[in-house]
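The task is simple: from the sequences and hints, build the whole structure.
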Amino acid sequence: MMNVLYAIVVLGVLGAVFGLILAVASKIFEVKKDPREEAILSHLAGANCGGCGYPGCGGCAAAILAGDAPVTACAPAGPENAAAIAEIMGMAAPTGERQVAFVRCTGGINAKKRYDYVGVKDCVSATKVAAGPLECQFGCLGFGSCVTACQFGAMSIGENGTAVVDPEKCTNCGACMTACPRHLIVSVPASKKVHVTCANQDKGKAAMSVCSSSCIGCGLCERECKKDAIHVVNGVAVVDYDKCVGCKLCTKVCPRDAIIPVATAEEKEKYKAIKKAQAEKAAAAKKAAEEAAASSAQ
Amino acid sequence: MDQIFELLAITLGAILANNFIFSQFLGICPFLGVSKKVDTAVGMGIAVTFVMGLASAVCFAVNKFVLIPLGLGYMQTVAFILVIASLVQFIEMFLQKSMPSLYTALGVYLPLITTNCAVLGVVLLNVQNDYSFISSVVYGITGGLGFLLAIVLFASIRERLVFADYPKAFEGFPIALVTAGLMALAFMGFSGLKIW
Numbered sequence: 001m002m003n004v005l006y007a008i009v010v011l012g013v014l015g016a017v018f019g020l021i022l023a024v025a026s027k028i029f030e031v032k033k034d035p036r037e038e039a040i041l042s043h044l045a046g047a048n049c050g051g052c053g054y055p056g057c058g059g060c061a062a063a064i065l066a067g068d069a070p071v072t073a074c075a076p077a078g079p080e081n082a083a084a085i086a087e088i089m090g091m092a093a094p095t096g097e098r099q100v101a102f103v104r105c106t107g108g109i110n111a112k113k114r115y116d117y118v119g120v121k122d123c124v125s126a127t128k129v130a131a132g133p134l135e136c137q138f139g140c141l142g143f144g145s146c147v148t149a150c151q152f153g154a155m156s157i158g159e160n161g162t163a164v165v166d167p168e169k170c171t172n173c174g175a176c177m178t179a180c181p182r183h184l185i186v187s188v189p190a191s192k193k194v195h196v197t198c199a200n201q202d203k204g205k206a207a208m209s210v211c212s213s214s215c216i217g218c219g220l221c222e223r224e225c226k227k228d229a230i231h232v233v234n235g236v237a238v239v240d241y242d243k244c245v246g247c248k249l250c251t252k253v254c255p256r257d258a259i260i261p262v263a264t265a266e267e268k269e270k271y272k273a274i275k276k277a278q279a280e281k282a283a284a285a286k287k288a289a290e291e292a293a294a295s296s297a298q
Numbered sequence: 001m002d003q004i005f006e007l008l009a010i011t012l013g014a015i016l017a018n019n020f021i022f023s024q025f026l027g028i029c030p031f032l033g034v035s036k037k038v039d040t041a042v043g044m045g046i047a048v049t050f051v052m053g054l055a056s057a058v059c060f061a062v063n064k065f066v067l068i069p070l071g072l073g074y075m076q077t078v079a080f081i082l083v084i085a086s087l088v089q090f091i092e093m094f095l096q097k098s099m100p101s102l103y104t105a106l107g108v109y110l111p112l113i114t115t116n117c118a119v120l121g122v123v124l125l126n127v128q129n130d131y132s133f134i135s136s137v138v139y140g141i142t143g144g145l146g147f148l149l150a151i152v153l154f155a156s157i158r159e160r161l162v163f164a165d166y167p168k169a170f171e172g173f174p175i176a177l178v179t180a181g182l183m184a185l186a187f188m189g190f191s192g193l194k195i196w
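In order, the protein sequence lines correspond to chains U and C.
Position 185 of the first sequence, counted from 1, bears residue number 185 in this note's numbering, the numbering being contiguous throughout.
Position 168 of the second sequence, counted from 1, bears residue number 168 in this note's numbering, the numbering being contiguous throughout.
Calculated directly from the structure, the hints in this document are not laboratory data.
List of simulated lysine-lysine pairs, DSSO-like, C-alpha gap at most 27 Å:
#, chain 1, residue 1, chain 2, residue 2
1, C, LYS168, U, LYS121
2, U, LYS33, C, LYS97
3, U, LYS27, C, LYS97
From the derived model, a few chain U residues whose C-beta atoms are all more than 10 Å from chain C:
#, residue
4, GLY46
5, ALA69
6, THR72
7, ILE88
8, ALA92
9, GLY119
10, THR178
11, HIS183
12, VAL233
13, ASN234
14, GLY235
15, CYS247
16, GLU266
Taking beta-carbon pairs under 7 Å as the criterion, some of the chain U residues facing chain C (in silico):
#, residue
17, VAL10
18, GLY15
19, PHE18
20, LEU22
21, SER26
22, VAL31
In this text, a Cβ means the ideal position worked out from N, Cα and C, and glycines have one as well.
In structure tokens, the structure reads:
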């Protein structure tokens with residue numbers, strides 16, 4: 001019994017002495033650390049996802065403090081935390097709304113296949129075999145490289161065989177965007193609902209023949225838009241999110257259903273009828289004006 | 001003269017014949033964990049050498065002036081863990097203040113060494129072999145150099161392994177372990193080393 005007590009006391013004293021030495025040393029060798037680093041770290045997501053490009057959240061905090069990274073470097077932390085970090089750094093809170101990832105393809109089962117790919121279930125591998133199994137050189141292959149890359153479970157392969165983002169879970173970390181060999185995934189404002197769901201840059205017939213839901217660059221949407229918010233760029237329609245007000249007129253005229261939310265046939269008919277009525281009315285008004293002008297001239 | 005020969009024998013033994021990694025299988029976790037790049041492997045090796053030398057010196061003193069006189073030789077392992085843990089903490093603080101460049105170079109590897117069995121192994125072996133103070137320190141430092149040699153060789157091989165053609169199932173740790181095994185076999189060749 002005494003032996004045990006003896007050992008406990010000696011080791012206890014030994015530990016206490018070392019503790020004391022460490023305590024003294026921590027005072028002597030104290031390095032002034034910026035308390036802001038700790039504060040910034042507490043506002044980061046803490047997932048060590050590496051989405052910011054720094055090794056872990058600690059590295060990101062140091063980089064923000066050094067001014068190498070913007071206060072919004074941590075996408076998963078969200079705008080509230082970015083604002084808090086901005087306050088710590090004595091900067092104005094960043095404006096700009098939440099962005100989420102968006103997959104610019106809904107081809108999948110609508111897209112024509114060139115061959116059956118039976119290799120490793122990975123998009124990068126698939127693109128290496130004769131430029132991929134799809135006729136469309138721009139479309140989503142649906143092997144889920146982005147799903148694997150996503151740390152937050154926000155990506156999945158949807159029912160028509162293309163990748164889909166769950167905007168609720170998405171933190172816009174950018175992992176899927178780098179994982180996609182076809183660069184189909186882009187950041188879009190979370191509040192905007194009208195998107196072009198195709199990235200095929202081929203024109204007209206070439207785009208039409210490879211997929212039944214491709215954008216053929218016809219430009220109907222561009223002409224229909226009252227806000228100048230959709231343009232055909234490089235053969236594919238692109239929404240200008242700064243201008244788009246979400247009126248969905250473009251979805252109703254798209255002959256390929258390549259703009260979401262896809263308008264039903266009924267809606268399209270209705271819109272056509274309204275337009276026809278408007279055109280008739282305008283023609284009638286014009287005629288009346290001409291007649292009036294003619295009568296006043298007489 | 002005798003002592004010089006003894007130290008030479010200890011040095012050769014610690015680096016080649018009784019290499020801590022390849023023949024005693026101590027410090028395998030950092031050996032496998034931080035051997036993906038030569039740069040980091042060198043950092044880890046230097047940090048381990050540094051801590052092993054210092055730990056040998058301090059533990060020798062603790063053993064000789066505290067544990068043995070009080071008849072607590074059987075508490076060596078616990079006491080040495082205590083010493084190593086506080087020593088690493090102390091070194092970290094000291095380096096951060098006085099040698100920030102070395103501190104940033106060693107980075108995360110320094111605190112990792114606290115749980116390195118090679119450090120505990122060397123101090124226990126010192127006691128087991130009944131080494132004198134100088135022999136202990138030399139054994140600590142050369143043991144660390146042996147670790148440095150092993151991890152740098154291994155990291156160099158692993159860097160080249162990336163381009164090697166091996167079955168996919170071996171990717172990552174399996175092929176690393178096979179490589180480590182082959183290197184250990186190669187180091188077995190030193191076990192017959194005799195100087196006199």
